[in-house]
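Put chains B and C on the given structure of chain A with help from the hints.
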Amino acid sequence: MSTVLHVVEVIGVFVFASSGLVEARRKKMDLVGVFTVAFITAFGGGTVRDILLDRRPLFWIENYEYPTLVFIFCILVSPFFRQLRLVVTERVILYADALGLGLFSVGGASLAYGMKMPLFVCVMMGVITGIFGGVLRDIICNEIPMVFRRGQLYATCAFLGCWAYLGLTLLGTTELFAVISGIAVTLFLRLMAVRFDWKLPG
Amino acid sequence: MSTVLHVVEVIGVFVFASSGLVEARRKKMDLVGVFTVAFITAFGGGTVRDILLDRRPLFWIENYEYPTLVFIFCILVSPFFRQLRLVVTERVILYADALGLGLFSVGGASLAYGMKMPLFVCVMMGVITGIFGGVLRDIICNEIPMVFRRGQLYATCAFLGCWAYLGLTLLGTTELFAVISGIAVTLFLRLMAVRFDWKLPG
Amino acid sequence: MSTVLHVVEVIGVFVFASSGLVEARRKKMDLVGVFTVAFITAFGGGTVRDILLDRRPLFWIENYEYPTLVFIFCILVSPFFRQLRLVVTERVILYADALGLGLFSVGGASLAYGMKMPLFVCVMMGVITGIFGGVLRDIICNEIPMVFRRGQLYATCAFLGCWAYLGLTLLGTTELFAVISGIAVTLFLRLMAVRFDWKLPG
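Protein chains in written order, with our numbering: chain A, 715 to 916; chain B, 715 to 916; chain C, 715 to 916.
It cannot be assumed that every hint is accurate.
[Claimed, not checked] Taking lysine to aspartate or glutamate and the EDC-like style, the derived pairs with C-alpha atoms no more than 16 Å apart in a straight line are:
no.	chain 1	residue 1	chain 2	residue 2
1	A	742	A	857
2	C	742	C	857
3	C	830	A	776
4	B	830	C	776
5	A	741	C	857
Hints listed in this document are in silico derivations from the structure and should not be mistaken for laboratory results.
Same shape as in the complex, but just chain A (with noise of 0.2 Å):
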């Protein structure tokens, strides 16, 4: 079972990294500017989370592999970036990225509860990792940060997530029943936000 938590957050640890790597190729930067953007976006969140809670050493650091292989992956994708965004469809990008949504904030909000943290605070780290990547992205491209535009509910799944996963916690199922479950709320209600167009209001 824990290969495959590791097998999803890879798989999340790329999703996000690619939707970095597209928003730096939209913003004409180079290959550094794409490494860079790329790696903030699929660790942005976790660092800021660790930086937060004092967690050392960081978790890129201490799988090290990971920064490696996107550095390798930005190298070996950008040439052929136009054939590889015909072949990964809108709609791989949404599942992915809803799933690594998922995966980040529980497994944020779980380590926080680890550490003891007071509930709102593990929820607020469990958001904060699942989102804040996404969120340095668009501050370094100059953006105002899609999560906080009006759009279709995005940060809000990872929340409710996150309180089943504490929830069920407190109800006293197993570490992992609890993880699964937290997941798998936070990725439905992502899917069906954009199936039904759930917004917040202004």
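Leaving out everything else, chains B and C in the frame of chain A:
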């Protein structure tokens, strides 16, 4: 007396949060954006200070009722946003913001002084605590930070207020007297700056 | 020899601070903005590195005469801004900035290597130390960071300079020789990149 300071601190948090809320609404953000920007405006300065000085837990994790209150505040206030702006006049905002600036700045300087930082670093930490919430708010809202643009003195008031606090402390007055004097100097200078349109050279 | 490195470091701080000062003036900021942007440009890269590696006190708090000097520098230089730009030519700035880039980057890599970080992380820390001051400067000035836009090689020079330093260190040369070689490689590549208009693919 400690109760008085605590009340003023809560006022400062809500004033700063409100200024984030106003800015987020102006940028047509949804509730997630409104809360995040309000949160970062209120707690961003102190968080940057705590990270630079390596203080943990962060003050808003230690007092986690603050972010919870700001969250509830955003949900309650958002629907009545227009009505609220009629009640809370510019003048009220100006006074409350100037008071918050004084409190956050002198509080930050006092905290750094307690950690035996060099004097110039104490003043920098004070000014950072006072202004960086607004700086981060403006960066997220994709604006050049207001405090850096040519306008009526703002950071400079905090700078001089922190020096006043440090000067009195070095002269051997009680901590309480030095803190209140520092806040008063900041508040007074800020109100004078607005009244007489004091500006720094470009 | 340590004195030489110290002098170069001070030069690096002032070159980077000046580039922040120029950018802040271009954006019509007042003295507070000028100092803050100059400060962040000079110390931002090292601060991000120290936070990521959890090193405290931060290097500019340990050497607090640096920010004090930058503060005095900004106050003294601001009124004579136009005259200064006539004396300090583009060529002088280019050389000094390339030297600063080399020194900051290789210094950062050396520091991370001393903390036994994995090699790829050492190089990343080096590049971050060298370029993140400018990245933060551009974010505050509401621009897409210059180093990420397509231009003559900049971060890439630091990247290769850091690998040169690490390669020599692993080969068993003295630290001093490796550091100077790394700086020389960065400086040389940067000057060649400007001279022959070397760019990365988009």
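The hints, checked one at a time:
For the hint pairing residue 742 of chain A with residue 857 of chain A, the CA-to-CA distance comes to about 14 Å; that is within 16 Å, so the pair holds. Distance restraint check for residue 742 of chain C and residue 857 of chain C: the Cα-Cα separation of roughly 14 Å lies within the 16 Å cut-off, and the hinted pair is therefore satisfied. Only pairs whose Cα atoms come within 16 Å are accepted, and residue 830 of chain C paired with residue 776 of chain A is accepted, the gap being roughly 12 Å. For a cut-off of 16 Å, the pair hint linking residue 830 of chain B to residue 776 of chain C stands: about 12 Å separates their Cα positions.
The suggested pairing of residue 741 of chain A with residue 857 of chain C holds, with an alpha-carbon distance near 12 Å, which does not exceed 16 Å.
The structure is consistent with each of the numbered hints, conforming to all of them.
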